[in-house]
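Each chain, letter by letter, is given below.
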Amino acid sequence: MKIMVAIKRVVDYAVKIRVKPDKSGVETQNVKMSMNPFCEIALEEALRIKEAGLAKEVVAVSMGPASCVDTLRTSLAMGADRGIHVEAARELVPLTVAKVLKRLVEVENPGLLILGKQAIDDDCNQTGQMIAGLLGWPQGTFASKVVLDKEKQVATVDREVDGGLETLCLDLPAVITTDLRLNQPRYATLPNIMKAKSKPIKKYTPEELNVEIKSDLEVVQVTEPPKRKAGVIVSSVDELIDKLKNEAHVI
Amino acid sequence: MASRLLLKVLSKRRLLCSCTFASRSASTLVLAEHEGGSIKAQSLSALVAANCIDKDNSVSLLLAGSGSSLQAAAEKAATCHPSVSQVLVADSDKFAYPLAEPWAKLVQLVQQKGGYSHVIGTSGSFGKNILPRAAALLDVSPVTDVVEVNGPHQFVRPIYAGNALCTVRYTGASPCLLTVRSTSFPAPSFSADSKSDGASISQVDLSTLDEDSIGKSRYIKLSSQDTELPDLGSARIVVTGGRGLKSAENFTMIEKLAEKLGAAVGATRAAVDAGFVPNELQVGQTGKIVAPELYMAFGVSGAIQHLAGMKDSKVIVAVNKDADAPIFQVADYGLVGDLFEVIPELLEKLPEKK
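Line by line, the protein sequences are chains A and B.
Counting from 2, one number per residue, gives the positions in the first sequence under my numbering.
Counting from 63, one number per residue, gives the positions in the second sequence under my numbering.
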C-alpha cells in the first residue's frame, strides 16, 4: 500500500507574527518558516505505518511556490520516499488544494491519505474533510490514534472530539487528519538529510493536472485583534477575592 | 440579572452585525445537534449568526438521528428561537451517530432541494468534521470559525492562533457555508414562545439520498469523562490547570476549586499530554475555545496556542510562581505565588457559590 501525505510550509509556530501595516496580510518576509506541526505528525504516522510493514511507500506532496521544495526535502530527510511539488504562485484555498490532491490520488492510487488537521497559519481545518468528500472516502479527522488492519483493510481511528474520545472504524482507502497527540515526530538525522538530496521530487503544475486555479474567497483585510487593557498584579489572595467580588463582579 | 445579560447580548449583537444594507432576504439552513431530546445550546449560536446575516432570515433547522429522542428534539426545536420557520427531520439509522459521510450527503440533499443562500453550523467538533465535507460536495469554499458577520457574504475569522483577524468576502455561488464560534454568537435563553405555534416540522425524504460513501465508516464508541461540573464550552466560570499542577492527583485541587465556584474545569495542552486530564478539557488553538465571564489559570505559562483558546474571556486571573510567565500579559488580575498555597487559601476564603 502507498501512503500519501500532504504537507504545508507555514510560519514557524514559535514566531510572534506581525500584521502588515497596509492590512493586506501577515508579514512572512524574513520570518522563520517550517513544516506545519500537524503535517509533521501526519508524515511521522505514515513513516511508522511503513516501518511496521503495512505500507510500501510514503509520498509527500506540497503545493505552492518554489520554497515548498525546502519543506519537501525535510520530509524526504525524515523518511518519505518521494516528493511531489505542485507549483502555484499564490496561496490556494482548501477547495483547490483538495481538487489537486484528488487528481494526484487518481495518479498515485494510495491506500491512505494523511494530512494535518489544520495549518497553523490559516487555522482552516478543512482540506482533509474536503478531499475525503471529493473522493467519496471515509474520513477520520482529529486522530489521536490510528491502528491499521491490513487483512481486513480497515483503519481504527480514535478521534479527539468535544465530548471525549470517539472511536471509528474506516474502510480503506481513507483520509485521516492528525491531531497533536497522535505521535511525536522524529528529527531528521544528518545521514538522512544527505540521503534525501538524491530522492526524487516530481513537479506538476495545476494546469497539467487539469485543475483550474480559482478562488471564491477574497481577503478584504487582515487586522490585529483588539488588545486587552493591561491588568494588575495583586499581592494576596484576599486582594484577589476582593477585586473579583467588588471590582469585576464575577463572583 | 437577566436584563443585564440580555442587554449585554444585545449590545454585543450590535457590534457583531456592524453592516446594515438592503439585501435579498436570506434563507438559511442551520445544522443543529441534539442530545437527550433537546437541542444542544451551542447550536443556538448558529441561529444568532443567521440573524446577523439578515434579521429577516428565514431559518430551517436540520436535525438528524433516529428514534423518539430525535422527534422530541424536533418539537423543542420548533419553538427554540423566533427565527426558525421550519424544522427538517432526517430520521434514519444512518444518522444514529454523527458520522461525516452520511451527514455531508444529507446536507447536499437538503441544499439541493431547498436552495438556501446560507448553511450554518457551529465550529465544534461536529460542525468542523461535517461542514467542509459538505462544502466539497457542493463545490463551494466554506468559511470556518467565523467570529463576526459583516454582511451576508463578509465575515471575520481568526488566523495564526487568533493573533490576527482576517476579513474575507465570499464571492462564490450559493450556498455560502459557514461554521461560527459559539462564544462569538452567544444565544440568549428564550423561553418557548407560547403565543406562536412554532415552526412547522417536516420529515426529510431520504429516498434519494446518495448511498455512495455511506457505510464505509462505522461508529465504535465514545469514551468520555462522567462529570457533574458544567460544560466547558458554555460555563460562566472556568478554572484551568496547567503543567504547574505536576500530577493528576494534584489536579483534584482544580476540580475542588471548580466545584466551589460552580465552574467548569479546563486544562492546557501540557496538562493533557502529561496525562493529568482527558483531552476534552483542553483549551487552546486546537482544543476548545472558551469565553467565560471568569477564567482562572493556575500553573499555566500562557503559550500563544493556549491564549488562542481563552483570550476573549471577560476577566482573566492568573496564578503562577514565575513573574515572567506570558500569561500575566493577558491577565486582568495576576498573583505571583505558589498555586499549592493559593488554591487552598482560595478554597477557604471564597464565598459559597450563589
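A portion of the hints provided could be inaccurate.
[Unchecked claim] Residues on chain A that point at chain B, a partial pick, calculated with CB under 10 angstroms: (1) VAL70; (2) ASP71; (3) THR97; (4) ALA99; (5) LYS100; (6) GLN127; (7) THR142; (8) ARG160; (9) GLY165; (10) GLU208; (11) GLU209; (12) LEU210; (13) ILE214; (14) SER216; (15) VAL223; (16) ILE234.
These are calculated hints, taken from the structure and not from any lab test.
Even glycine gets a Cβ: it sits at the ideal position worked out from N, Cα and C.
Okay, the hints, checked on the actual structure:
| no. | hint | verdict |
| --- | --- | --- |
| 1 | VAL70 | 24 angstroms, violated |
| 2 | ASP71 | 21 angstroms, violated |
| 3 | THR97 | 8 angstroms, holds |
| 4 | ALA99 | 6 angstroms, holds |
| 5 | LYS100 | 9 angstroms, holds |
| 6 | GLN127 | 4 angstroms, holds |
| 7 | THR142 | 5 angstroms, holds |
| 8 | ARG160 | 8 angstroms, holds |
| 9 | GLY165 | 3 angstroms, holds |
| 10 | GLU208 | 19 angstroms, violated |
| 11 | GLU209 | 21 angstroms, violated |
| 12 | LEU210 | 17 angstroms, violated |
| 13 | ILE214 | 13 angstroms, violated |
| 14 | SER216 | 7 angstroms, holds |
| 15 | VAL223 | 5 angstroms, holds |
| 16 | ILE234 | 5 angstroms, holds |
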